[in-house]
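Enquirer: Spelled out, the chains give:
Number of protein chains: 2
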Amino acid sequence: MDDLISARERIKGMIRQTPLFRSSRINDMLGAEVFFKAENLQKAGAFKSRGAVNAVFQLPPREASRGVCTHSSGNHAQALARAAALRGIPAHIVMPRTAPTVKINAVKEYGGRIYFCQPTLKDREKELHKVMARTKAVPIHPYNDPRVIAGQSTMAQEIKEQLPKEPHYIICPVGGGGLVSGTALAVNYFFDHTQVIAAEPLGANDAYQSFIQKKFIPQTNPQTIADGLLTSLGSITFPVLVNMVSQVVCVQDHSILKAMTTIWERLKLVIEPSGAVPLAALLEGKVNMKNKTIVVVISGGNMDMSSLNNI
Amino acid sequence: MDDLISARERIKGMIRQTPLFRSSRINDMLGAEVFFKAENLQKAGAFKSRGAVNAVFQLPPREASRGVCTHSSGNHAQALARAAALRGIPAHIVMPRTAPTVKINAVKEYGGRIYFCQPTLKDREKELHKVMARTKAVPIHPYNDPRVIAGQSTMAQEIKEQLPKEPHYIICPVGGGGLVSGTALAVNYFFDHTQVIAAEPLGANDAYQSFIQKKFIPQTNPQTIADGLLTSLGSITFPVLVNMVSQVVCVQDHSILKAMTTIWERLKLVIEPSGAVPLAALLEGKVNMKNKTIVVVISGGNMDMSSLNNI
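These protein sequence lines are chains A and B, in that order. Just so we're aligned, residue 1 is where the first sequence starts under my numbering, counting upward by one. Just so we're aligned, residue 1001 is where the second sequence starts under my numbering, counting upward by one.
Pairs of lysine-lysine residues, derived as BS3-like cross-links and limited to a Cα-Cα distance of at most 30 Å, are as follows: (1) B:Lys1108 to A:Lys286; (2) B:Lys1103 to A:Lys258; (3) A:Lys12 to B:Lys1160; (4) A:Lys160 to B:Lys1012; (5) B:Lys1258 to A:Lys103; (6) A:Lys108 to B:Lys1286; (7) A:Lys165 to B:Lys1012.
If you are wondering where the hints come from, they were derived from the structure by calculation, not from laboratory data.
Full structure from sequences and hints, please.
Expert: Here's what the structure looks like:
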């Protein structure tokens, strides 16, 4: 609990308190009161900035001076590059050659040093180890790190203050489980009645499998347009998910697309497919929502516009 | 001046005070301090709601009871349907058969009664006259109406309160001239130093021509992706433009597209091409912007998502 409160204090001023949006027409359509937590408007375009800033600013000065590193093709790469720039230390980012130009450019703009590798987990890890050996930079894991999870918890802490009363549910997308773990911990410590629900693409449903079997099932061969949710749970996020989340629901890709365009059209917010997964769960009726108050987390907005033609 | 102040009072609670957004990276790119007035987040997705609500709520009860009508394929149609629904009166909307399904559906959702016609100005006007003859509904012009212009002026009145000090410029897109006239009037009455700049697609530059020749030049055969800016100025908006706007600048369609994707990617806001025209003017260097504070008006966000594949 103290770690969560300290995280909020630590990152204040370096991340954005994101607004909640609502749409009468979406509420009418669903028969519920839905608030959208717009983490697509977060610094660097996703909630990942919270965890990255919290981790980077907890490093002791001597360690920090060596810089930080990670392998990521996605939002963690940008978030870590930005957090490192704020602290004035180097960020070494291993990225697959196949990463979208827009994401590569974003990392560069935040001053990150990029190391390209083949787009396999093995090659990413190999290249990261080379970078670590050469630079002595501190690796910051995208989700399986208590400092990162405490950072992500600040989103739910904000929600608590933004709403006049507690929602029945907060629905988060789940990939590696950093966001949902941070949210579940915050709800555990700071909320009385709210339940946390994790929403996952059917084509990458390792969290669902892990949750119902109560044993860690790794993600293999994921097939979904939600490109931010392809990873396995971690050793820290798995037990939090199993013990503190009420429900894990799976959604189909066509519902994710429907949810994404609904948010674009109704809320005028650019979101990435992964950020549409919680609304997709409502559209599919996977959650008992009648007359409920629900916070749907729009986790990010880093959409590669050139990919639109392929959808 | 009184009309402008009354408009603000009248429509309060029925329209949204839209936020200002900024992006450090856009500021760095332009060498200016730019605020984006997010009218894409306005009710019914565009600034048009301001004028429509102000007009509809000024009708005397007997007149109002006959309902309102207009011909429009765009944002005025939705805004008027919504305003009429708020007042509990009918809205009769003449729309070309070729209007995008998403706009037709939006008018229907607000309870507007739709009359389809051929997609020519002549047929639109003919059909509107038939509707007026049959229903006695009051026509509300999309821009050439003092009540509508006073409604649009409320946007600049908000800007005045939202910024700690006056911007050097407010840049509006110009089509029929309702928004830019309302803004110029508000700036005239409530600001000390701010200049109003109108930005227009080169392929529909009747306002530019009218401005430099100081005589009304109608729009003929417009060619631009900014589908909200195809109309001519009106008899009321033309003199306001000539006398109260500092500069009219023209931009190319490829800059409009660039500005649109910049706003999508950087601000994570869905905007329509017309709403990107002011930023396009900055990208083209058409405005002396070095170290200036500039408000760029994002006029609307009603984008037909299915059209994205054609861009």
